[in-house]
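Going down the list, the protein sequences come from chains S and D. Each step along the first sequence adds one to the number in our numbering, with nothing skipped, and position 55 is 55. Each step along the second sequence adds one to the number in our numbering, with nothing skipped, and position 97 is 97.
Calculated directly from the structure, the hints in this document are not laboratory data. Glycine is no exception: its CB is placed at the ideal position from the N, C-alpha and C atoms. Watch out, some of these pointers could steer you wrong.
What the hints assert, rightly or not - Derived coverage of chain D by chain S (criterion: at least 3 residues anywhere in the stretch with Cβ under 8 Å from a Cβ of chain S; other residues may be distant):
id, region
1, 29-38
2, 52-66
3, 101-111
Stated by the list, open to error - Some, not all, of what chain S presents toward chain D, calculated at C-beta under 8 Å:
id, residue
4, Leu-41
5, Leu-52
6, Gly-58
7, Trp-60
8, Ser-61
9, Leu-64
10, Ala-66
11, Leu-67
To be verified - Residues of chain D placed beyond 12 Å of chain S at every Cβ, according to the derived structure:
id, residue
12, Ala-4
13, Arg-7
14, Arg-11
15, Gly-45
16, Leu-47
17, Ser-69
18, Arg-71
19, Arg-72
20, Thr-76
21, Gln-80
22, Gly-81
23, Gly-88
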Amino acid sequence: MPAGEIADRFREVSRPAISQHLRVLRDAGLLSERRDGTRRLYRARRDRIQQLRAYLDGFWSDRLGALKTAAEREARRKRS
Amino acid sequence: MTEAPLRHEVRIEAPIEIVHRFFTDPAQLTEWWPSRATIDPRPRGRLRLEFDKPDDGTDVALGEFVEVSDRRIVFTWGFQGDSDLPPGASRVEVTLEPVGATTVVRLEHHGLPAARRTQHEQGWTFVLARLREVAPPKARPG
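Chain D with its partners taken away, still in its complex shape:
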């Protein structure tokens, strides 16, 4: 049981070859996405992306490439140790379309699990963690 995918689209003033490399070259990938990346961009190749969190600690996303072509990059996606979205649980499909000298990037995130009830306190733990991320610290006296 799954819900509608998340969909995002962005138009980039750059040719498709340049945009494609930002998905398949680890050094360029880390310019916009994870803090560190180990990727093998070919079908069945693994990806490991590390995201440093603002406070401290690191989220590790693991996945496997399903399809890698000039106009399409598909991989599975999940977070290590996350029961809501474990590795392999969802799928990200990226489509690159050249439009003149620009590139339209469409991203769909499929297979996010359907809503389910969970403990009240878990909800608060999540919300309070988010709040801690966005709330700026008060200026310290002295």
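With the rest of the complex left out, here is chain S:
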């Protein structure tokens, strides 16, 4: 799917923001990218489980960071 066609589905989001987020998704392994002349074509990785794993990986990393913040705040509160 060409980048322009993807952007057309998100009329409330600017083109540069779409390009930036497509790069993020590509780097996260959710999309593959191919050049066709000046166009960039994107393909969704069919392997949904890989996407699920990538999602859960980010989820745990994010949540454990929040756990650290909350538990350290609680430890400081108990000490004081």
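With chain S held as given, fit chain D onto it using these hints.
Same frame as chain S, but now just chain D:
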């Protein structure tokens, strides 16, 4: 057929008793993890975690505790209505290790199903939903 577990580790500047309660006390659990929690942290006890999504709607994770001890908390994990990861499909193992006055938390997520092919369009539905989550709305004129 399963793949290698996901592994995460974090070192927390807090004693193990405090960290443990953040897993077993529903009020403290919701400080860092789900939006709402109903848990019965003992072997065969149920857990129900609700995650409010950024746009709207709620994901519901269901599971059952397998092991709950001072240094180890294990439970099954899956999402209600999710054919890729239904309740009971996977297992989360949390190990707490005291190191001086700090605690090292190791989390392993086991039993995620092996990769399988699915429809092209489903992949796009997933990716586009993710994009919608991360993309900031453009400033509205006027």
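Checked hints:
Counting residues of the region 29-38 of chain D whose beta carbon lies closer than 8 Å to any beta carbon of chain S gives 3, which reaches the threshold of three, so the coverage claim holds. Check result for the region 52-66 of chain D against chain S: violated, 0 residues qualifying (beta carbon to beta carbon below 8 Å, three or more required). Taking a C-beta to C-beta cut-off of 8 Å, the region 101-111 of chain D contributes 4 residues in contact with chain S, enough for the three needed, and the coverage statement holds. Checking Leu-41 (chain S) against chain D: minimum C-beta separation of about 13 Å lies over 8 Å; hint violated.
Look at Leu-52 (chain S): its Cβ gets to within about 6 Å of chain D, closer than 8 Å, so that hint holds up. Restraint check, Gly-58 (chain S) versus chain D: the minimum CB separation of about 10 Å is more than 8 Å; hint violated. With its C-beta approaching chain D no nearer than about 5 Å, Trp-60 (chain S) sits inside the 8 Å limit, and its interface hint holds. With 8 Å as the threshold, the beta carbon of Ser-61 (chain S) comes within range of chain D, its nearest partner Cβ sitting at about 6 Å, so the hint holds.
Restraint check, Leu-64 (chain S) versus chain D: the minimum CB separation of about 4 Å is within 8 Å; hint holds. The beta carbon of Ala-66 (chain S) comes within 4 Å of a beta carbon in chain D, closer than 8 Å, and the hint placing it at the interface holds. Contact between Leu-67 (chain S) and chain D, as hinted, is supported at the beta carbon level, the nearest pair being about 4 Å apart and thus within 8 Å. Against chain S, the non-interface label of Ala-4 (chain D) is violated: not every CB pair exceeds 12 Å, the least being about 10 Å.
With a least CB separation of 9 Å from chain S, Arg-7 (chain D) falls inside the 12 Å interface cut-off, contrary to its annotation. A Cβ of chain S approaches the Cβ of Arg-11 (chain D) within 12 Å, the least distance being about 8 Å, so the stated non-interface status is violated. The Cβ of Gly-45 (chain D) sits about 21 Å from the closest Cβ of chain S, beyond the 12 Å cut-off, so the non-interface label holds. Interface exclusion of Leu-47 (chain D) from chain S stands, the closest Cβ pair being 15 Å apart, more than 12 Å.
Residue placement check: Ser-69 (chain D) keeps its beta carbon more than 12 Å from all beta carbons of chain S (closest about 19 Å). Residue placement check: Arg-71 (chain D) keeps its beta carbon more than 12 Å from all beta carbons of chain S (closest about 15 Å). The Cβ of Arg-72 (chain D) lies farther than 12 Å from every Cβ of chain S, with a closest approach of about 16 Å, so its non-interface assignment holds. At roughly 14 Å, the least C-beta separation between Thr-76 (chain D) and chain S is larger than 12 Å, which holds for a residue marked as non-interface.
Every beta carbon of chain S lies more than 12 Å from that of Gln-80 (chain D), the smallest distance being close to 15 Å; the non-interface claim holds. At roughly 14 Å, the least C-beta separation between Gly-81 (chain D) and chain S is larger than 12 Å, which holds for a residue marked as non-interface. Every CB of chain S lies more than 12 Å from the CB of Gly-88 (chain D), the least distance being 16 Å, so the non-interface label holds.
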